[in-house]
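**Q** Full structure from sequences and hints, please.
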Amino acid sequence: MNSVTFASASRISSKSTDLPRATSQMRASRLAGAIAAYLGLGLALVIVGIPTYWVIIGALKTNREIYTVPSTWWPPNPAWSNFPAAWAAAPFTRMYLNSIAVTFVSTTLKLVNATFCAYAFAYLQIPGRNLIFMFILGALMIPEEVTVLPNYLTVASLGYVNSITGLILPTIGSAFGTFFLRQHFLSLPREVIEAARVDGAGHLQILWHVVLPLSRPVLATLILLTAVARWNDFLWPLVVTSKDTMRTLPVGIFFLFTQEGTTEWGVVLAGTIIVIAPIIALFIVVQRHLVEGIASGAVKG
Amino acid sequence: MQSIQVPRPTTVASPSATPAWSRDLLIFIAFIAPNVVTLCVFSYWPMIRNLWLSFTYWDMIAPEPLWIGLDNWVEVLTSATFWTVLRNTLVFTVGSVGITIMISLALSLLLNQKRVGRNLVRAAMFAPAILPGSAIALVWTFLLAPYYGLISQAATGLGMPMTRWQNDPVWAMPTVILVVIWKTTGYDAVIFLAGLQGIPRELYEAARVDGANAWQRFVNVTVPGLSPVAFFLTVTSILSSFQAFDVIRVMTGGGPVFATTTLIYQVYSEAFVGFNAGRAATYATILFGLMLAITVVQIRMVEKRVTYE
Amino acid sequence: MNLRTRRGALSAAGLFGTGLALAACGGDAASGGAAAPAASSGPVKLVYWGAFAANLGKVQEEVVKQFNDSQKTVTVEHQFQGSYEELANKLTAALQAKQAPDMAVLSDVWWYKFYLNKAIQPMDDLMKAEKVDTKDYVDSLFNEYVQGGKSYALPFARSTPLFYYNKDAYKKAGLPDRAPKTWDEFVKDFAPKLKGAIDPKQFVFANGGYSAWIFQGVIWQFGGAYSDKDFKMTLGEPKGVQAGEFYRDSIKAGWSQSVKNDTDEFKQMNAVNIINSTGSLVGILDAAKGKFEVGTGFLPEGPAGFGCPTGGAGVAILSGLAKEKQAASMQYIAFATSPKVQASWSQQTGYMPVRKTAIDSKEMQDFIKTNPNFKTALDQLPKTKFQDSARVFVPNGDQILAKGLERILVNQEAPSTVFKEVADTLTKEAEPVIKARKALGA
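For the protein sequence lines, the chains are A, B and C, in the order given.
Residue 34 in numbering that gives the first Met the number 0 sits at position 35 of the first sequence; the count goes up by one each step and never skips.
Residue 55 in numbering that gives the first Met the number 0 sits at position 56 of the second sequence; the count goes up by one each step and never skips.
Residue 227 in numbering that gives the first Met the number 0 sits at position 228 of the third sequence; the count goes up by one each step and never skips.
Keep in mind that the hints are not guaranteed to be accurate.
[As the list claims (entries may be wrong)] If the Cβ cut is set under 10 Å, some of the chain B residues that face chain A in the computed set are:
| id | residue |
| --- | --- |
| 1 | Val120 |
| 2 | Phe141 |
| 3 | Thr294 |
| 4 | Val296 |
| 5 | Arg299 |
[Claimed, not checked] Stretch-level coverage of chain B by chain C, calculated; a stretch enters the list once three of its residues show a Cβ under 8 Å from a Cβ in chain C:
| id | segment |
| --- | --- |
| 6 | 46-60 |
| 7 | 144-150 |
| 8 | 156-166 |
| 9 | 246-256 |
| 10 | 261-274 |
Hints are computed from structural coordinates only; laboratory data are not their basis.
All residues carry an ideal CB built from backbone N, CA and C; glycine is no exception.
**A** Next comes the structure, spelled out in structure tokens:
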């Protein structure tokens, strides 16, 4: 737990103090506070909700309706046909499979990398390890635009262009995840680790039986963030695939949105919803753990 | 706390003469090797190659890049474009990161209170952060479209002249900043929230007992308590802001003219539009150096003021 | 899932294994290209990279399908790679990685770069072997790709810019049902009348999209040019500046607006007039159905008369293919540019047929009678000129010019200054091209 240093910490009194009686003035200010809070929350919900709502109903409108002003807040004849049209406009089934395969395998491998690395940096007292840790962190500063072309050449020379392996290969290194998990591992109570060590447990056993079970929320959070990033990857899949059947969903969506030809907004928005639906689903499942996971990963240590 | 089922050894291992860590060295290497190798091949090797490319002229179709020494560097650093791009980058980063952090902090304080529906708001606000950048840019292009876009309808309803937001030299950058703020505020707020929940209640109680009002409690308890989180957020937000690309690409294409071209966009533009690999590499090296410098400065200067245990 | 139970661990392993299996079978080692040895049995497989999306893309796929169905010796696989620019990018990277396709669509500003680097091969011997009637191609379009006496591509999706106008708005303003003959007539007569008759939110002219291509016509209409054939940049000269001033003033005077997507503005009836490619015709007609009548006409003349460029793309064969694949590629390209296919391609897209026989065919003539808008590009074609070297031969020339035009239109900067800077940049960028041309003896 963090301890916070500030002047009056020393004045934490151990005696309980009588709370002043609630005056009507206090009740009024509490009410004002409540109103302000709900206004704030409502505003936040609206600001996020309206664009989302607009996209959903936009996906149900025809181009004609979209272009009419003032817009309707509910389309009179929902154009459900936009969804099958979007699905047919690109090999979405195949792209869904690609996205799922890439996301699943890449996230798993990346997490394995992060876990082992974080464990090593947190618990193995090798001199110079902090330097190597900095080296790993430095990878966060290398923008993707710099890496795509050289990686394309590397992957091509290995024969993995237009393949799932090629899509996955450059993504399995972990910098952020290593950082995140290391922070968390450092915050775990040392006694437990020590106890296991004394009992003669090897590192693999400590990792599997002690450290990981204590890290569920952090792992859940990291899995969410990693899986989402992989699902949404655009530039690398664009570069390393030339066939529609090997592309992933974000690339498919991008090609729906054309420069020449008619922009069918309704269809494009429907396609966008098709792409982001699984992420929302995953998010809803995991989001309960989110705050706790982030607390353990980013806050402590 | 988990109980561990580990077979007890019948003998105790005797301490060896070699230093304690040497036994772990093999394991250490085994644990970090896959990750380090991957990062070397797919992150660092491209960066080194990039540095080398900055000293060459290459249109990417010719079989070999042509060595030209410092020509690219001189050309870039003395071009008006570079300084415009640099200024845009700073405006973009300071604008988006600064405003996002302020709004998200306020939002996290709100979410920390036990109000009805706060979990819904929390989830809803976090959601944009996990959507693909291109999808968000698409959505906002749709919302900002002149005449039939929701924002345009609202603006003209309020009496503003019809503006083509993404094509307007004055409005293009604010538009892009706005979209980025919309995307990341919820994410930052959740992280701040996690930080808030890590501040011990007793500290607030003690401050209340000492007669501190809400503002004083905020300044003396909340702010120091949040400093590690704020630091983490600032560092990572700045890094990702420097690399923010999809939103700009889909919404404005770096335009009009250079109005929304940041360093990362210029790298893309020089490489994939201008087919000038050497100049692109120069910009990319400058970008990397800038990120490195800023992060180091942050770590040196700010971390001193971050209160840890 | 609970990894600690056996079932949990097994299902996790199962999922992971499935992922790996997908990874293994999803792979595709050879995606066409120079290194593959010629197959001696079965049809020759070719990879063809296309740049047509949406409605145009569907028609492109049809052409490929028709070819595959019409014979048994060659199978073409069409792979969409994005816009002309995106395809050029992909092709560049693919050439480095030895992953290039067999054929690719290259637009007016991209094919030359690949020619200079010997990435595409001459087609004359192949055309002779395939008995292609080269004389039947529209001369100007065919000759564009001839360098050093050899053809490096065949025209496929060719266009000219057209003047599109909203007939309903014209009627409302009491204007004749035709495009303006000159810019003078447009600015002095048409524009004020339109302004008076249309909605306040509508505007007379939208300027945007492929701006450097459209302005190529405008600068000629004012008697200027981007450059001469020796790569001397001439847009900074008085006539060129005059054209630039005309553009700048159009915004200032209020009859033109600078937009991101002018076809969208036209389709939504915000803009009454635009200048855009004939390749957008079908999309525009579709969008306007039931809403308003679309009219097309020649580009308006300027003080120096008429000026109009051609545009669009051709198909080229990549260098280094096995003889068998070269011949097979020629077979496909001959098919795609044959009169019958071109007639149907043109009717479905709005691009001009590249074969004289196709243009003169009864089928096409009948079609034009019922769809007069398709005739405009064809009638305008004989009056077109080959584009200036600054746009088509200088790497990135199109982008440099476009940025300059943006500065004039959006930032309202002085054309004399902007064009001088653009000319300087173009001169510098042209140096490697001039060198390469000397090396090739062109």
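**Q** Decide, hint by hint, whether the structure agrees.
**A** Here is what the structure says about each hint:
no. : hint    : verdict
1   : Val120  : holds (5 Å)
2   : Phe141  : holds (6 Å)
3   : Thr294  : holds (7 Å)
4   : Val296  : violated (13 Å)
5   : Arg299  : violated (13 Å)
6   : 46-60   : holds (count 4)
7   : 144-150 : holds (count 3)
8   : 156-166 : holds (count 4)
9   : 246-256 : holds (count 3)
10  : 261-274 : holds (count 4)
The structure is inconsistent with the numbered hints 4 and 5, although it conforms to all the rest.
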